[in-house]
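A.B. asks: Spelled out from the first residue to the last, the chains are:
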Amino acid sequence: MKVNLRLVLGHFRMYKSSYFSGLAILFCGLLFSTRVEPGVFRLYSGLFTVLLLLAKFQGKTAARRYLFAGLGFVVFFTTQILAPVDFQNIDDFSFFIPILYAYLLPDTISTNVVAIFTSYIFFTYIKSVDPGLIIGYSMGMVSLSLAYSMTFNALRRLSKERDELQQLNQKLFAANQKLQTIFDSSPVAIAGVDLQGKVISWNRAAEEISGLSEQKMLGNSLPESITGQVIYEEIKEQLLQGRTIKCWEAHLCRQNGSMLELNISAAPLHNQQGKINGFLTIFSDITERKRIEAEMTESRRKLERAERMASLGMMAAGITHEIGQPLNALKVTADGMLYWSKKGNFPTMDKIIRNFATISEQAERINEIIRNIRSFVKTEDLPKLTACDLNIAVKDVLNLLSNQLTAHGIALKIALDPGIPLLQGVRGRLEEIVVNLLVNAMDALDEVTKTNKEIYCRTSLDHDFVLLEIADNAAGIDRELAKKIFEPFFTTKKPGDGMGLGLSIVHSIVDSMNGVIEVTNNSKGGATFRVLFPVTQWESEKQ
Amino acid sequence: MKIMLIDDDQSCMQSLVGAMEPAGYDCEMFSNPLTALEAFAAKIYDVVVTDLKMPQMSGLEVLQAIRNLNAEAKVILNTAYGDPETISAVLKNGAHAIFVKPIKIEDFLKTIGQIDDSGNPNY
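The listed protein sequences derive, respectively, from chains H and U.
As numbered in the working numbering, residues 1 to 543 make up the first sequence, in order.
As numbered in the working numbering, residues 1001 to 1123 make up the second sequence, in order.
Be aware that one or more of the hints could be misleading.
Here are the computed lysine-lysine pairs in the BS3-like style, where the Cα-Cα straight-line distance is at most 27 Å [said to hold, decoys possible]:
no., chain 1, residue 1, chain 2, residue 2
1, H, Lys198, H, Lys216
2, H, Lys302, H, Lys198
3, H, Lys342, U, Lys1092
4, H, Lys302, U, Lys1002
5, H, Lys343, U, Lys1043
6, H, Lys236, H, Lys413
7, U, Lys1053, U, Lys1043
8, H, Lys342, U, Lys1053
9, H, Lys178, H, Lys198
10, H, Lys331, U, Lys1043
11, H, Lys343, U, Lys1002
12, H, Lys484, U, Lys1104
13, U, Lys1053, U, Lys1092
14, U, Lys1092, U, Lys1043
15, H, Lys236, H, Lys275
16, H, Lys483, U, Lys1053
17, H, Lys290, H, Lys246
18, H, Lys331, H, Lys343
19, H, Lys246, H, Lys236
20, U, Lys1043, U, Lys1002
21, H, Lys331, H, Lys351
22, U, Lys1110, H, Lys343
23, H, Lys216, H, Lys178
24, H, Lys236, H, Lys290
25, H, Lys331, U, Lys1110
26, U, Lys1104, H, Lys331
27, H, Lys342, H, Lys331
28, H, Lys413, H, Lys395
29, H, Lys342, U, Lys1043
30, U, Lys1110, H, Lys351
31, U, Lys1092, H, Lys351
32, H, Lys450, H, Lys413
33, U, Lys1092, H, Lys302
Which chain H residues stay away from chain U? Per the calculated CB distances, all over 12 Å, these [what the hints assert, rightly or not]:
no., residue
34, Leu179
35, Lys236
36, Phe346
37, Arg530
Estimated spans, in silico, between C-beta atoms of each pair [as the list claims (entries may be wrong)]:
no., chain 1, residue 1, chain 2, residue 2, range
38, U, Ile1087, H, Arg427, 33 to 39 Å
39, H, Arg301, U, Ala1071, 56 to 62 Å
40, H, Ala294, U, Gln1064, 55 to 61 Å
Think of the hints as simulated: they come from the structure by calculation, not from any bench.
In this text, a Cβ means the ideal position worked out from N, Cα and C, and glycines have one as well.
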């Protein structure tokens, strides 16, 4: 394409001693670049001639002037901005010249290449002249009135794309930076491991908690104390199946010898194809929490001891009264005989026998009280809790008591949920709870006169609790009495019919199995005792 | 001499009656103090022997009720709790005597015997 150029002749002087930093020529879609030696230079090809000239511009910094001819288009680079020129003495020249683009070298790696394009390009054109002659020529200034807009736009687009790419890069960098900040600011230790168990990431909290640096950990296995050896294999199995493991506890011995207690969770890591390619492990230091928990357990133990002492005091009063009665009867009977005998008034054999019977009866009553107390005291020190099936305990007791219930005219309604999990308890003691509650219901029903006496016995799962319910349709419990019903020696029964330990024994057994007992009155009459035992996951085999 | 015995514990009452039998007193037993008070209002008793702690009403209330009916009535209290506060409260309310269980039967019979000897003010 031919372009008309205005050649402006100026009064510039040329200096041979100046230098070039580089030249690139885009020709036929190929970019040629060459290191150009200082001085005048000429490139020949069948199509174009390029003359490279140096100039000193108004005695200031060296600027480069280029001359091109017969070229498709030329891209050249300079280390300096083309300076303003003197526009005096401008003559017009027209000749064949393609497009020229001049860029500052640093700008070629920046985003603003296009911005320095200028329509004023300095060059001198000498056709088929020996390079030696060029020096003597004047420099000119040409205003480039037209450019190859296509090339220009292509460059512009390229530049824009590079711009966008750079912005995207910056965004990526920022996003990555943000993730890294979160990763490092997390108060919870985060460790990534590959399938071989080698650490691939290790955040600052992990460094702090473990005392092991990221540098030391990367590419190495997790400390055994974190993984907990045996457990880890089990857990790995679960993770490989895609399951997340929550909250297992482990100890960690730090290099400084201090022991830490850790709470660890883990989840599988997936690659883009959804395949598990590693595990994410997070752990937090729960040493302090554990310490507080231990303190709380200790203070609870103290409180329980105090409660036990208080209940012992209450028991002492109860025992005084309970044993005092038969002891009094016994002593009065014996002493009465002795008193009258001393006075010569001997009792008849019949009277003696009757009195002996009374003495024996009262001694038995005392014995019964002592037996009950022993049973009550025994609950203070239960054997180790094991997995128990509440349904079996209930069935065994019902087998024992069903005849007695029938004899008392009571119908038994049973609803045992076969799906209830095992609970943490002592089998014999569990039966004792059921016996006491059933006998209590039976006694309550004996007090009322009605034809349809019923006891309901149910087991079920209530959230995280195994529930035992024993209800009757007797008179129910006075609200005021309900508060005292589990206190030792509290009874509504007649003296000799029971000393008020049954429900307090139940209460203390339930308590020792970490359960809760509550009593409510039924809307249709009668009372319901609800015993809730916490469901526990069992490591040991089922009983 | 007619004696009223009140105690919710039958065996205690029975043993006292047994011990007093040779003296030939006429003993009447009540396990419910409310029934006993009704009987006291209707009949004449020389002595009332009552337990202190009973579910329906306390021995102290029985003492007060009886003294209201008859200011001269001889009321003896028996209790398993021999604390000074109880004893002084009972005596302040005009009890003739208080015995702490297990009752020393000799003292008890002597006290009853003295009431018998002194004659019955109700006659």
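A.B. asks: Next, verify each hint and record whether it holds.
C.D. replies: Going down the list of hints, with the structure as the test:
At roughly 12 Å between alpha-carbon atoms, H:Lys198 and H:Lys216 fall within 27 Å of each other, so this suggested pair holds. Straight-line distance between C-alpha atoms of H:Lys302 and H:Lys198 comes to about 47 Å, which puts the hinted pair past the 27 Å bound. As the CA atoms of H:Lys342 and U:Lys1092 are separated by approximately 35 Å, the hinted pair breaks the 27 Å bound. Restraint check: the Cα-Cα separation between H:Lys302 and U:Lys1002 comes to about 57 Å, which exceeds 27 Å; the hinted pair is violated.
Simply put, H:Lys343 and U:Lys1043 have alpha-carbon atoms about 33 Å apart, too far for the 27 Å limit, and the pair is violated. Using a Cα cut-off of 27 Å, the hinted pair H:Lys236 and H:Lys413 is violated, with the two alpha carbons roughly 49 Å apart. For the given pair, U:Lys1053 sits about 24 Å from U:Lys1043 by alpha-carbon distance, which is consistent with the 27 Å threshold. Proximity of H:Lys342 to U:Lys1053 is assessed by CA-CA distance (about 33 Å); at most 27 Å being required, the pair is judged violated.
At roughly 25 Å between alpha-carbon atoms, H:Lys178 and H:Lys198 fall within 27 Å of each other, so this suggested pair holds. At most 27 Å may separate the alpha-carbon atoms for a hinted pair to count; H:Lys331 and U:Lys1043 exceed this at roughly 31 Å. Proximity of H:Lys343 to U:Lys1002 is assessed by CA-CA distance (about 23 Å); at most 27 Å being required, the pair is judged to hold. Pair hint H:Lys484 plus U:Lys1104 does not hold up; C-alpha atoms about 34 Å apart against a cutoff of 27 Å.
A hinted pair counts as satisfied when its Cα atoms are at most 27 Å apart, and U:Lys1053 with U:Lys1092 qualifies at roughly 18 Å. Between U:Lys1092 and U:Lys1043 the CA atoms are separated by roughly 26 Å; this keeps the pair inside 27 Å, and the hint holds. A distance of roughly 15 Å separates the Cα atoms of H:Lys236 and H:Lys275; the hinted pair therefore holds under the 27 Å criterion. Between H:Lys483 and U:Lys1053 the CA atoms are separated by roughly 21 Å; this keeps the pair inside 27 Å, and the hint holds.
Restraint check for H:Lys290 and H:Lys246: satisfied, since their Cα atoms lie roughly 17 Å apart, inside the 27 Å limit. Taken as a hint, the H:Lys331 and H:Lys343 pair is honoured in the structure, with Cα atoms around 18 Å apart against an allowance of 27 Å. Distance restraint check for H:Lys246 and H:Lys236: the Cα-Cα separation of roughly 13 Å lies within the 27 Å cut-off, and the hinted pair is therefore satisfied. The suggested pairing of U:Lys1043 with U:Lys1002 holds, with an alpha-carbon distance near 10 Å, which does not exceed 27 Å.
For the given pair, H:Lys331 sits about 16 Å from H:Lys351 by alpha-carbon distance, which is consistent with the 27 Å threshold. In summary, the hint linking U:Lys1110 to H:Lys343 is supported, as the alpha carbons are separated by about 13 Å, within the 27 Å threshold. For the suggested pair H:Lys216 and H:Lys178, the alpha carbons sit about 24 Å apart, so the restraint of at most 27 Å is met. The straight-line distance between the Cα atoms of H:Lys236 and H:Lys290 is roughly 26 Å, inside the 27 Å bound, and the hint therefore holds.
Note on H:Lys331 and U:Lys1110: the hinted pairing holds, with a Cα-Cα distance of about 17 Å set against a maximum of 27 Å. With a C-alpha separation of about 8 Å, the suggested pair U:Lys1104 and H:Lys331 falls inside the 27 Å cut-off, and the hint holds. For a cut-off of 27 Å, the pair hint linking H:Lys342 to H:Lys331 stands: about 16 Å separates their Cα positions. For the suggested pair H:Lys413 and H:Lys395, the alpha carbons sit about 12 Å apart, so the restraint of at most 27 Å is met.
A threshold of 27 Å between alpha carbons decides the hint, and for H:Lys342 with U:Lys1043 the separation of about 35 Å lies outside it, so the pair is violated. With a C-alpha separation of about 22 Å, the suggested pair U:Lys1110 and H:Lys351 falls inside the 27 Å cut-off, and the hint holds. Only pairs whose Cα atoms come within 27 Å are accepted, and U:Lys1092 paired with H:Lys351 is rejected, the gap being roughly 39 Å. The suggested pairing of H:Lys450 with H:Lys413 holds, with an alpha-carbon distance near 17 Å, which does not exceed 27 Å.
A threshold of 27 Å between alpha carbons decides the hint, and for U:Lys1092 with H:Lys302 the separation of about 43 Å lies outside it, so the pair is violated. Remark: the non-interface label on H:Leu179 is consistent with the geometry, its nearest Cβ contact in chain U lying 76 Å away (cut-off 12 Å). Every Cβ of chain U is farther than 12 Å from the Cβ of H:Lys236; the closest lies at roughly 68 Å, confirming the non-interface assignment. Against the 12 Å criterion, H:Phe346 falls within the reach of chain U, whose nearest CB is about 9 Å from its own CB.
For H:Arg530, the condition that its CB be more than 12 Å from all CB atoms of chain U holds, with the nearest at approximately 28 Å. Between U:Ile1087 and H:Arg427, the C-beta spacing of about 50 Å breaks the proposed range 33 to 39 Å. At about 58 Å, the beta-carbon gap between H:Arg301 and U:Ala1071 stays in the expected band of 56 to 62 Å. The supplied range of 55 to 61 Å is met by H:Ala294 and U:Gln1064, whose beta-carbon atoms lie about 57 Å from each other.
Hints 2, 3, 4, 5, 6, 8, 10, 12, 29, 31, 33, 36 and 38 from the earlier list are contradicted by this structure; the remaining hints agree with it.
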